[in-house]
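Q: Work out the full structure: start from the sequences and follow the hints.
Residue numbers (numbering that gives the first Met the number 0), protein chains in the order written: chain B, 0 to 221; chain C, 0 to 262; chain D, 0 to 58; chain P, 0 to 199.
Don't read these hints as lab results, they were simulated from the structure. Predicted, not measured: the structure shown is a model, and the values here were computed from it. Glycine is no exception: its CB is placed at the ideal position from the N, C-alpha and C atoms. A portion of the hints provided could be inaccurate.
What the hints assert, rightly or not - Partial pick of chain C residues on the chain P-facing surface, computed with a CB cut under 7 Å:
id : residue
1  : Asn165
2  : Asp194
3  : Met234
4  : Ala237
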Amino acid sequence: MTALSALVRRDIRIALRVGGGALIGVLFFLTVVVLMPFAVGPDLALLSRLGPAILWLGALLASLLTLDRLFMADHDDGSLDLITMSRTPLELACAAKALAHWLAAGLPLIVATPVLGLLLNLDMVATGAVALTLLAGTPALTFTGMIGAALAVTLHRGGLLMAVLVLPLSIPVLIFGVAASQAAIVGPMTFGAPFSILCALSLVSLVIGPFAAAASLRHGLD
Amino acid sequence: MTLIDLANPTRFLALTARVLPWLAGATVILLAVGLYQSALAPDDYQQGATVKIMFIHVPNAWLSMFVWGVMSIASLGTLVWRHPLADVAAKAAAPIGAAFTFLALLTGSLWGRPMWGTYWEWDARLTSVLILFLMYLGLMALWRAVDDPSRAARAAAVLTLVGAINLPIIKFSVDWWNTLHQPASVMRMGGSTLDKSFLIPLLVMAIAFTLLFATLHIAAMRNEILRRRVRSLQMMQASRVAFSSESSAGSRAENASNEAGAA
Amino acid sequence: MSLGPYASFIVTSYAAAALVVAILIGWIVLDYRSQTQRLRELDRSGITRRSGRSAIDTP
Amino acid sequence: MQLAGRGVVCVRGGREVFSGLDFEATSGEAVAVVGRNGSGKTSLLRLIAGLLIPAGGTIALDGGDAELTLPEQCHYLGHRDALKPALSVAENLSFWADFLGGERLDAAESLATVGLDHAADLPAAFLSAGQRRRLSLARLLTVRRPVWLLDEPTNALDVAGQDMVGGLMREHLARGGLIIAATHAPLGIDSRQLRIGGAV
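A: Spelled out as structure tokens, the structure:
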């Protein structure tokens, strides 16, 4: 356990220090969401209808943007070699890295959600619903995105290719995340059904993500 | 005293150490007077007591733009005159400007709730201030992203100047965008000539907040100078350690280059 | 002085402004303390500037 | 304790780097892997470290900890330093000590051994290439591993640093450790030579 908590603490520390990218993700999220009304127009009724979708898209893009370097930095400086060799199973190390990433880059997105809800004319209930679905759904985004980050190391290609690989994987999360928040705002479905599917997706990705990422890293060794 | 005299960080530190208490004192006095006068100011016939929010909102809104102006001049100083303290001034101003812009947005939306019935309206003026706020945050992120301040300085200076040119264009286009979609519901603050009973407290508050900015900015610049001093000393320390352990083997060349790099 | 029906908004505005300014002042003061502290530590470990003066010019 | 490879084949990018390689090293012995550029010195180390998978043959450690795999008993010192510039020297070292686990030495002591104790609180970004190498070596001292795989261990180090590495390696061998080092320069300690890839 010391090994994993050391890894989590190190990654969070790096993300928050000078040069780390955790807070840039939040800024990106803010900017994307602020841009949306310029595209759809300042009609408040329309904005509050689109609000959950806009917030979810923003969070999806922001978490994808910051995931890019999850393994790449460790690969470039040789840390990944030592992590692979260590007595900690690679799957657990991957999970620890993803957890650290979610704590440093995912949680701030959820904290920023109420402010953005205000800008998109969402009421308290709607904002709460979106924040709750993001809380349940962003781990899934991180843990599926992690697979793409591992592939990026294997293929020596980051950035856009990773986005193309990962975005389709996150479609189910997006569907049920937005569906749950819409259900809470306008109905007619109950909030519970899509929300529990969302939680289930998160749990499944919590298991699959580390294994897939570790497998991809092992095969990409060179 | 000229601008050249201020170019020496040591002299700047010595000078500002003397000026800073006076500046802080003047800020406190003017703020007290301004707050007293705004408390005494009568209610507006249209806005009621919420006009009191204006006394704090308008100075912050004024500063949000004024600070960007200061940063633009500092950026010119970095790029054109290569004044050694220019990028220190620009870097120190950014978080303070962001804080004032945040306050302008916050007090604006707290005023808007009773007046418009909503915290946020995609009104042209509010929206352009929001974009200004995002640009402040982006600038701060740029300063944070690069470890070496002198390398970040030029990039930040270019971005600041582009922002200064771009902000009026953004403002104009947002105006155009906003009126295109929503012509009638935009409520305007200006238009009516302000009564003296509002104007005087507003002016006093504006001057007080400008002084507050000056105080904070100079203090933050001093911190930034000290931070850079710490940084260069730490780099010297790093190379000195190598010196003590490697000098016996006659590897002075490497150390010499290290120290040159640190200086 | 009566603040009318919207007293809470007015009070919140002033309180928020006070809070943000207090945070700014606190940040600057703490930053100054930590930088001078570091300079003093460096000074103590014998690292001085090229001019040979003490790193802390101002008390 | 004996590390032995039998008929090891290394294929990289579809090209056979070497094949049918036999080698062995016993406790207290250093093996210097020599050969021209591209002969597969680094690849051999990475094969032993489990970072590459051999296309044929076996590599095994006899007499080590039976519960651990070979890579888990190895230290690998590659070309890259595995250091984070944002963290301080001490933070870098203590992270690896915590993460790698096992028997460990006091971190401050090993920093003193490699001559970095005064820089413990400085960010690793301020270190020179030679100092980064020293910090990597401190990792080998802090966490005990019987097998050291060193790729050009004296790279970027000055004469004093090379002497220090020699001393550290002798100490490790005296403690019953085992060293495989890929090198161009003489290793500076008594070692068996393993030549791969034909004549230089």
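Q: Under 7 Å is the threshold here; is the Cβ of aspartate 194/C close enough to any Cβ of chain P for the hint to stand?
A: 56 Å, violated
Q: Should the hint that asparagine 165/C touches chain P count as held when the rule is a Cβ pair under 7 Å?
A: 32 Å, violated
Q: Hint validation: alanine 237/C versus chain P, beta carbon distance must be below 7 Å. Holds or violated?
A: Given a least distance of 4 Å, the restraint on alanine 237/C holds.
Q: When the nearest CB of chain P is found for methionine 234/C, is that gap smaller than 7 Å?
A: 5 Å, holds
Consistency note: the structure conflicts with the earlier hints numbered 1, 2.
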